[in-house]
Amino acid sequence: MEKIYSEEQSVGRSFKVSPETIKFLMDFSRSFHCTHYGDLKFETNLN
Amino acid sequence: MEAQLDDSVLVRDYISGDEGALEILIKKHNQRITSFIYSKVLDRDITEDIFQDTFIKVIKTLKKGCYSEEGKFLPWVMRIAHNLIIDHFRRNKRMPKFEGNDDFNIFSVIGDDKLNAEKQLIKEQIDSDLGLLIDELPDDQKEVLLMRIYRDMSFKEISENTGVSINTALGRMRYALINLRKIINKHKIVLTNS
Chain A
202 MEKIYSEEQS
212 VGRSFKVSPE
222 TIKFLMDFSR
232 SFHCTHYGDL
242 KFETNLN
Chain B
94 MEAQLDDSVL
104 VRDYISGDEG
114 ALEILIKKHN
124 QRITSFIYSK
134 VLDRDITEDI
144 FQDTFIKVIK
154 TLKKGCYSEE
164 GKFLPWVMRI
174 AHNLIIDHFR
184 RNKRMPKFEG
194 NDDFNIFSVI
204 GDDKLNAEKQ
214 LIKEQIDSDL
224 GLLIDELPDD
234 QKEVLLMRIY
244 RDMSFKEISE
254 NTGVSINTAL
264 GRMRYALINL
274 RKIINKHKIV
284 LTNS
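Those protein sequence lines, which keep their order, are chains A and B. For the first sequence, position 36 matches number 237 in the working numbering, and the numbering has no gaps at all. For the second sequence, position 44 matches number 137 in the working numbering, and the numbering has no gaps at all.
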């Protein structure tokens with residue numbers, strides 16, 4: 202029986218991002234604040 | 094437990110200030126979003142970058158209070174990721190990236206405009222030899238040639254400066270080049286830098 206091989210074996214594989222990326226996003230989230238003043242929105246990133 | 098929590102509840106909790114809700118959302122959809130991005134870009138590092146940028150947009154939108162797609166969190170995040178993937182390919186199309194490996198080094202086929210030390214020496218020698226050859230030309234021809242080649246003057250300007258017609262200046266230039274070739278051939282001089 203003919204065997205069919207796909208060219209890119211990794212396309213269908215499942216991946217997850219690294220814990221470091223998640224940690225970075227959590228740190229970013231904690232440091233990011235948005236202040237509303239009237240119709241204006243001020244973004245601040247406090248480390 | 095995490096998978097059972099509804100996205101809209103987690104989004105609401107996060108907007109209310111519960112940072113842990115975001116972590117649950119990220120971990121809950123991590124595999125699906127990462128696999129989607131990787132299936133398009135086929136690079137682990139770029140996948141991480143796009144995932145990160147996607148959630149930075151998510152965080153900013155949620156904290157600014159601009160999110161209005163309650164109950165459709167995942168499709169919304171996937172759409173952000175999709176747009177960032179398109180941005181990535183557009184950027185790469187404008188600025189193609191070449192990466193060398195053991196078999197191919199990009200610097201073996203590209204170079205800068207500057208001459209290397211050897212070619213610079215040869216060029217200086219040629220310039221010097223050419224100067225000596227030009228000195229052998231009759232004064233009227235030498236004058237036109239110097240103005241045209243070294244001072245980059247137009248034949249109209251040469252005509253005005255020397256008080257001869259444009260046709261005469263053109264003729265003198267022509268004879269200057271013919272005479273230079275004659276001198277070069279006669280003395281079998283080689284002027285190249287290849």
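No lab work stands behind these hints: they were computed from the structure. Among these hints, one or two may not hold up.
Said to hold, decoys possible - With a straight-line Cα cutoff of 30 Å, these simulated DSBU-like cross-link-like pairs (lysine-lysine) come out:
| id | chain 1 | residue 1 | chain 2 | residue 2 |
| --- | --- | --- | --- | --- |
| 1 | B | 153 | A | 242 |
| 2 | B | 121 | B | 186 |
| 3 | B | 235 | A | 242 |
| 4 | A | 224 | B | 212 |
| 5 | B | 249 | A | 224 |
| 6 | B | 216 | A | 217 |
| 7 | B | 153 | B | 216 |
| 8 | B | 275 | B | 249 |
| 9 | B | 153 | B | 186 |
| 10 | B | 235 | B | 216 |
| 11 | B | 212 | A | 217 |
| 12 | A | 217 | B | 275 |
| 13 | B | 157 | B | 207 |
| 14 | B | 165 | B | 133 |
| 15 | A | 217 | B | 281 |
| 16 | B | 157 | B | 216 |
| 17 | A | 242 | B | 157 |
| 18 | A | 224 | B | 133 |
| 19 | A | 224 | B | 275 |
| 20 | A | 217 | B | 235 |
| 21 | A | 217 | B | 207 |
| 22 | B | 249 | B | 212 |
| 23 | B | 133 | B | 120 |
| 24 | B | 133 | B | 186 |
| 25 | B | 281 | B | 249 |
| 26 | A | 224 | B | 281 |
| 27 | A | 217 | B | 249 |
| 28 | B | 165 | B | 150 |
To be verified - Here are some chain A residues the structure puts well away from chain B; computed CB gaps all over 10 Å:
| id | residue |
| --- | --- |
| 29 | 227 |
| 30 | 239 |
| 31 | 240 |
Every residue gets a Cβ at the ideal spot worked out from N, C-alpha and C, and that includes glycine.
Verification of the hints:
A distance of roughly 11 Å separates the Cα atoms of residue 153 of chain B and residue 242 of chain A; the hinted pair therefore holds under the 30 Å criterion. About 33 Å separates the Cα atoms of residue 121 of chain B and residue 186 of chain B, which puts this hinted pair outside 30 Å; it is violated. The straight-line distance between the Cα atoms of residue 235 of chain B and residue 242 of chain A is roughly 73 Å, outside the 30 Å bound, and the hint therefore fails. This hinted pair does not check out: residue 224 of chain A and residue 212 of chain B have alpha carbons roughly 55 Å apart, beyond 30 Å.
Among the hinted pairs, residue 249 of chain B with residue 224 of chain A is inconsistent with the structure: their alpha-carbon atoms are about 72 Å apart, more than 30 Å. Of the supplied pair hints, the one linking residue 216 of chain B and residue 217 of chain A is violated, its CA atoms being roughly 59 Å apart against a limit of 30 Å. At most 30 Å may separate the alpha-carbon atoms for a hinted pair to count; residue 153 of chain B and residue 216 of chain B exceed this at roughly 60 Å. Restraint check for residue 275 of chain B and residue 249 of chain B: satisfied, since their Cα atoms lie roughly 27 Å apart, inside the 30 Å limit.
Taking the CA atoms of residue 153 of chain B and residue 186 of chain B, the gap is about 28 Å. The hint holds against a cut of 30 Å. About 21 Å separates the Cα atoms of residue 235 of chain B and residue 216 of chain B, which keeps this hinted pair within 30 Å; it holds. The straight-line distance between the Cα atoms of residue 212 of chain B and residue 217 of chain A is roughly 54 Å, outside the 30 Å bound, and the hint therefore fails. Taking the CA atoms of residue 217 of chain A and residue 275 of chain B, the gap is near 76 Å; set against the 30 Å cutoff, the hint is violated.
Our distance criterion of 30 Å between C-alpha atoms is broken by residue 157 of chain B and residue 207 of chain B, whose separation comes to about 53 Å. Restraint check: the Cα-Cα separation between residue 165 of chain B and residue 133 of chain B comes to about 22 Å, which is no more than 30 Å; the hinted pair holds. Taking the CA atoms of residue 217 of chain A and residue 281 of chain B, the gap is near 73 Å; set against the 30 Å cutoff, the hint is violated. Note on residue 157 of chain B and residue 216 of chain B: the hinted pairing is violated, with a Cα-Cα distance of about 64 Å set against a maximum of 30 Å.
Simply put, residue 242 of chain A and residue 157 of chain B have alpha-carbon atoms about 7 Å apart, close enough for the 30 Å limit, and the pair holds. Between the alpha carbons of residue 224 of chain A and residue 133 of chain B the distance comes to roughly 24 Å, so the proposed pair stays at or under 30 Å and holds. A hinted pair counts as satisfied when its Cα atoms are at most 30 Å apart, and residue 224 of chain A with residue 275 of chain B does not qualify at roughly 78 Å. Between residue 217 of chain A and residue 235 of chain B the alpha-carbon distance is near 76 Å, which puts this suggested pair outside the 30 Å criterion.
Of the supplied pair hints, the one linking residue 217 of chain A and residue 207 of chain B is violated, its CA atoms being roughly 48 Å apart against a limit of 30 Å. Using a Cα cut-off of 30 Å, the hinted pair residue 249 of chain B and residue 212 of chain B is violated, with the two alpha carbons roughly 35 Å apart. A C-alpha spacing of about 21 Å is found between residue 133 of chain B and residue 120 of chain B, which places the hinted pair at or below 30 Å, so the restraint holds. A C-alpha spacing of about 15 Å is found between residue 133 of chain B and residue 186 of chain B, which places the hinted pair at or below 30 Å, so the restraint holds.
For the hint linking residue 281 of chain B to residue 249 of chain B, the alpha-carbon distance of about 34 Å lies beyond 30 Å, and the restraint is violated. The straight-line distance between the Cα atoms of residue 224 of chain A and residue 281 of chain B is roughly 75 Å, outside the 30 Å bound, and the hint therefore fails. For the hint pairing residue 217 of chain A with residue 249 of chain B, the CA-to-CA distance comes to about 72 Å; that exceeds 30 Å, so the pair is violated. The straight-line distance between the Cα atoms of residue 165 of chain B and residue 150 of chain B is roughly 16 Å, inside the 30 Å bound, and the hint therefore holds.
The beta carbon of residue 227 of chain A is not kept farther than 10 Å from every beta carbon of chain B, the shortest such distance being approximately 6 Å. Taking the minimum C-beta to C-beta distance to chain B, about 14 Å, the non-interface status of residue 239 of chain A holds against the 10 Å cut. Chain B leaves residue 240 of chain A outside its interface by the beta-carbon criterion, the shortest separation being 13 Å against a cut-off of 10 Å.
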